[in-house]
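For the record, the sequence lines run as chains A and B.
Using the numbering used here, the first residue of the first sequence is number 103, and each one after it goes up by one.
Using the numbering used here, the first residue of the second sequence is number 14, and each one after it goes up by one.
These are calculated hints, taken from the structure and not from any lab test.
These figures come from a predicted structure and were not determined experimentally.
Among the hints, erroneous ones may be present.
Said to hold, decoys possible - Residues from chain A that face chain B, not an exhaustive set, calculated with beta carbons under 7 Å:
1) 284
2) 312
3) 314
4) 324
5) 458
6) 513
7) 514
8) 517
9) 518
10) 524
11) 539
12) 540
13) 544
14) 547
15) 554
16) 558
Said to hold, decoys possible - Sample of chain A residues with no beta-carbon within 10 Å of chain B, all distances over it, derived:
17) 317
18) 384
19) 553
Even for Gly, the Cβ is constructed at its ideal location relative to N, Cα and C.
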Amino acid sequence: MGHAVGIDLGTTNTVVAAVVDGTARVLSDDAGDRLIPSVVAFPPNGGVLVGRRARERRRIDAQNTIHSVKRLIGRAWSSEEVVRARTYLPFDLKEGAHGLPLVVSRGRTFDLHTISAFVLQRAKKLAEKVLGGTVDAAVITVPASFNDRQRAATKAAGSEAGLRVLRILNEPTAAALAYGLGRTSPGAHERVAVYDLGGGTFDLTLLDLSSNVFEVLGTAGDSFLGGDDLDLLIVDELRAEILKQTRFDPRGDVQVMERLSTDAEQVKIALSDREEVEITFRDLAAFADGHPIGATILVRRASFERLAAPLVERSIEVCREALAVAKLGIGDFGDVLLVGGSTRIPLVRRKIEQFFQRPPRTDLDPDEVVAIGAAIQADALVRHERPEHGEPRSESARTASGRRNPALPSAFPGRAQRAGPLLVDVTPLTLGVETVSGFVEPVIERNTAVPCSQTRIFTTAKDGQGAITVRVFQGEGRSLGENVLLGELSLDGLREARRGEVQVEVTFALDADGILQVSARDPETARAVSATLKVGRTS
Amino acid sequence: MVDRRSSLPPRPSQANPSQPRPAGRINTMPLDLDAVDLVVPEDHHLVLSWAEALDQADYLALLDLAPPREGEPGPNDEEIIDAFHTFAERFHPDSYADAPHDVREAALAVFRRGAEAYRVLRDVSLRQRYYRLLEAGTLRMSPEEIAHAEKGERKRPDTARQAVKTAAAAPFAAEADAQLAAGDLKKARLQLQLATMKEPDNEDLAAMLLDVEARLAARS
Ligand SMILES: Nc1ncnc2c1ncn2[C@@H]1O[C@H](COP(=O)(O)OP(=O)(O)OP(=O)(O)O)[C@@H](O)[C@H]1O
Ligand SMILES: [Mg+2]
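Chain A on its own, in the form it takes in the complex (with noise of 0.2 Å):
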């Protein structure tokens, strides 16, 4: 058997780490390298690179160059999300099948998970050369705000991969568990709140550890917000500002304005250490006398920190969200860990310690937490496999409960013994189906523990209606508008009769990696259909 490993599969860069001799380490490759950057490049010569090498063509063969696509993975084409991201990624994107986005290079067309899955296939080959075997199985992390279509296509791509997806995991959690495992006493709690900055999400979970189990309490989210934001918003003065010099409009320009991005998140990352940074432009073009357009630019931390002050306050609102629906206050926690580059940004940090009037942890590596987690969860998963391995469980133990009701086991089973404690993780959104009257009728709650299920029962809208159509929508709020439509599942041969007498069982079922499989089932005929569900428009 191969070896597992965990894998934060980011929107910027991709981490791979292992259990190894009992410790888990991050894996880097020979140049030294821990971070694979996310990008996926197709070179004229008919090649695909991956990684760093990619990552350099972004300068010259943008639009080449695929980046970013774990903001896209599991969205519809016609989601805001997509028709944003259109406006400013500079590489091709097309409608596929199913109302999915395809990436288009060189008259070649791709899913975005089969995107995900070569920078997976990397990481898969950087460990299997590090750990000297094959590597076939892994645990792959989601920003924790991912619905049930996101997860869903990063398993596809880990699949892709030749990776058997033991779990799609939640980063923060994943970061919780590298952070907490062997710190909480046997009986103790302790809560902490995991803030997530990354390149393209933010989260804030919420947790209670104790030595044998994590278990999120709650969590919230906003999948669009993050590094790239902060450095859209700095290519923007960068752009106005060569404007003002040199009466050159970068926006004309597919490759300069992809320079400026990049150059962007530079000047961004060297503001987290400095006070004022200068960055000077060649060769941006030519004026119409052939000489070279040419900018020097000095950025401050104070002009960016205005600029990024309300993205940073969306983040501290969904913080204070996340508090609300956990019916919790900020003195219910102790420490507040941080996952994700961005959250070295100063800015972010005194904000959030403004608002839960306590320092941050700094001591985690924000780059490495969450790939460590994924290896310790892998691990202990693959543990369970193995019986030769396991541990035995604790035994039995009688029930009090067994003795006030006979028809129950007198007895609960044993607990079982692990490696590392057991997540117990939550489902982010609320899932529910639309009604006729044009609302969401939630089914299941978000933050409610995963594995779950609920079955409800629907009755028919029409007299002789010898079908119904369940509508599948992620999301707060009961409009519409407010929620994501999953897909949907049509059940026919219903008996014909008059409205509200047929009735249909629709039963959701979320597995512990927050995938969704929707049945339903006409209780009369014990006719059902089930699906896992497929995003966009059905024909």
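Got chain A sorted already, so can you dock chain B with the ligands onto it with the hints?
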């Protein structure tokens, strides 16, 4: 083609829609004697028995908590969290990855019910409501009730009059209610449309209007 309006609001009176699970069988245990540790089969057997008895188990029994009694408030928040953690250690499907299929499915069924139990018990107001159900002999809270607890403050008003917020819309709302009571959907629709013009952002009014339109469509 299927009418996308066809999924209707659930009937509020539905109590426990799930079917009893088919019982697992102990005799499907692996016969590879080397792999069988003597402790394991007993645990597996217990998992199967709990899955079989699931519809006789109330939430407290499942989480091994004592019910509230005269003068005693029942378990507190901490006790409920601890109980759920212990429950998870006993039944979480991750711990049964090496078990036979039927045992894994049984653990999954029990865990799902425990997740539901925890969902209800960890919420103070749902917990109190559940205790009342339990006294009346109902072991499981309906999914409608659980789902609406969170959104309880946004529960739909019963009448248009309750839904409107402005004096300008109130007369139309009152008339709409009267027409609805009289069963004249067309007139009610007109009044609701007028009320909606006064309060275009009122979700509850919009819902009522849609509902009336759907009922009209269903008639024709
Ligand atoms: N010192 C720094 N100061 C400011 N921003 C930084 C710094 N270091 C990294 N970043 C930013 O952090 C982001 C990358 O963080 P990280 O690698 O955690 O994200 P990711 O895992 O790829 O994304 P996500 O988790 O959102 O999918 C980039 O936007 C990068 O510019
Ligand atoms: Mg990340």
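Hint compliance check: list the failing hint numbers for this structure, sorted ascending. 1, 4, 5, 17, 19
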